[in-house]
Amino acid sequence: MEITLRGLWTLIHGMGFGALYLLACSGAAVELFRLTSSATPTATPAQERFLRLYLLTMVVLAWFAVLTGAYIVYPWYRAVPPPGTADLAMFPQRLLLSSPATSGWHSLGMEWKEHVAWLAPISITMVAAVFLQYGHDLRQHRALRTAALTFTLASFLAAGIAGFFGAMINKHAPVDGGHVIQLSQGETR
Amino acid sequence: MSASSQAASTASAARTNGSGAAAILSAGIGAFCIGLFAIAADKSPHIKALTNIYKPTGPLSGVTTVAIVLWLVSWLVLALLWRNRDVRLAPITTLAFVLLGLSFLLTFPPIADIF
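Here the protein sequences line up with chains A and B, keeping their order. When the letters of the first sequence are read in order and numbered with my numbering, they come out as residues 1 to 189. When the letters of the second sequence are read in order and numbered with my numbering, they come out as residues 190 to 304.
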């Protein structure tokens with residue numbers, strides 16, 4: 001069992017940061033809604049501290065996801081093959097564009113994903129900053145609370161679009177190659 | 190209610206909304222800038238070349254860097270302007286939502302291709 005260096009970075013970007021961020025979104029929305037709702041009792045300092053830490057972790061995950069995507073994985077994805085290259089397996093963008101059946105994954109999927117993904121870290125950074133400053137007092141600032149919740153959902157939507165297209169693109173034209181890392185030695189039968 | 194919790198309650202009630210509003214509006218501005226510059230770099234060869242600040246990543250590097258810088262600068266400026274102030278939140282959050290909605294639309298290729 002082995003994985004290439006490019007495959008590993010794609011995994012870290014998509015599954016390590018991106019998927020973990022997506023999983024965290026629902027928790028953030030629910031806790032933010034609950035802790036700042038006027039219908040629930042005042043949050044304890046421990047609950048408030050937990051949500052602060054939770055949101056800060058999401059900020060880190062979101063930024064790591066877009067930065068590893070844009071500066072580590074994306075350059076491998078958009079690499080230009082030398083003239084006359086017949087095997088495009090190492091050039092995912094060109095591989096997708098080489099067939100009408102797959103070109104949409106680049107022209108719609110990657111073109112949207114590469115930009116919309118950045119709305120996630122921007123939005124969640126704002127939400128974290130607002131909660132760090134106001135905490136459960138957001139219940140007294142209804143418009144701020146509504147905006148924070150809306151941006152949390154927008155961040156989830158942006159990350160979801162990026163995650164969906166990332167997974168589909170990697171299914172049709174995986175970013176692969178580079179140093180091979182041996183994970184385990186299998187048996188031959 | 191103890192004296193300390195009464196004081197905390199009074200302080201929270203008196204907390205102004207200016208810095209929160211600054212964070213929200215600037216996030217809308219930052220998001221909108223991503224969509225706007227993505228289209229600009231796609232349509233103008235000159236802007237495309239200018240935004241290609243890290244060749245392996247291409248124009249995406251410049252588009253996102255400039256948008257992030259503008260987001261952070263607008264946040265700083267608005268935070269300085271509105272700190273310790275109560276501002277009218279309805280128009281500010283509405284504008285932030287509109288900018289956020291536009292950012293989703295402008296980054297969507299079929300809509301970006303209209304321009």
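The hints are simulated quantities; they were obtained by calculation from the structure and are not laboratory data. Any given hint could turn out to be false.
Each computed SDA-like pair below joins lysine to any residue, with the alpha-carbon atoms no more than 20 Å apart [what the hints assert, rightly or not]: (1) K171(A) with T102(A); (2) K244(B) with T68(A); (3) K232(B) with V60(A); (4) K171(A) with P83(A); (5) K237(B) with V80(A); (6) K244(B) with P82(A); (7) K244(B) with P75(A); (8) K237(B) with A79(A); (9) K244(B) with I257(B); (10) K237(B) with R78(A); (11) K244(B) with R6(A); (12) K237(B) with L259(B); (13) K237(B) with S107(A); (14) K171(A) with M90(A); (15) K244(B) with P81(A); (16) K244(B) with W76(A); (17) K244(B) with I72(A); (18) K171(A) with P82(A); (19) K237(B) with V255(B); (20) K244(B) with R78(A); (21) K244(B) with Y71(A); (22) K232(B) with L108(A); (23) K171(A) with M15(A); (24) K244(B) with V80(A); (25) K237(B) with Y71(A).
Which numbered hints turn out to be false for this structure? 3, 4 and 18
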